[in-house]
Amino acid sequence: MSAGQLDEPGQVADLYKSYGDLESMVSRLISRQVPNQIENTFGRYTAIRAVQERGQFVIDAAAALKGSVNGPVIIDSIQIENLDFSDAYERSIEDRMKAEVQVKTREQMLATEKVQAEIRVTQANAEAEAKLAQAKADAEATRLRGEAEAEAIKARAAALASNQNLVELTKAERWDGKLPTTMIPDSAIPFLGSKN
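In terms of full-length UniProt numbering, the sequence shown opens at residue 1 and continues consecutively.
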């Protein structure tokens with residue numbers, strides 16, 4: 001970590017009087033505070049979070065360092081060049097991050113499957129409703145055809161009952177003009193009325 005500092009205007013004489021030179025002042029005021037403040041700030045973060053939220057970590061560390069330095073100096077900025085951990089710790093972080101990625105991937109897959117299942121349910125419901133509507137329409141059509149046929153039969157029966165000649169006319173219209181080739185003795189000839 002490095003810190004950029006400015007000497008407060010008007011206090012340069014006090015700085016040299018109290019500390020002798022700039023390096024002594026940096027050593028006594030800043031260098032002693034840097035490890036403590038970084039450690040305190042890092043204590044509020046996990047290693048993974050410190051890496052992932054590096055910008056916020058630097059802001060928090062700078063605020064802590066600025067608040068801890070009292071003297072003729074202003075902390076202008078800090079830079080954290082290298083967050084370094086042991087190889088084993090870095091591997092454990094990497095393994096944990098891979099595990100988190102796998103968990104997120106599985107959660108996304110589960111969410112996708114859930115949405116697809118909902119789509120299939122919606123499609124099945126729509127198909128069932130369409131089949132039900134078609135069945136109702138078919139049933140209504142069958143009912144209407146039945147009623148129409150019943151009305152036609154009823155009208156024909158009424159016409160036949162009121163006019164016997166209509167029966168004879170229908171017989172004559174349907175007869176092809178041929179007499180049966182075989183006849184039983186003493187039987188009537190079909191379609192030939194003996195009354196008229």
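There could be a bad hint or two in this list.
To be verified - Cross-link-like lysine-lysine pairs, in silico, DSS-like; alpha carbons within 27 angstroms at most:
#1 K114 to K104
#2 K154 to K131
#3 K131 to K114
#4 K98 to K66
#5 K114 to K136
Since the hints were made in silico from the structure, they are not lab data.
Hint by hint, where does the structure go against what was stated? Just the numbers, ascending. When the structure is compared with the hints, numbers 2, 4 and 5 turn out to be violated.
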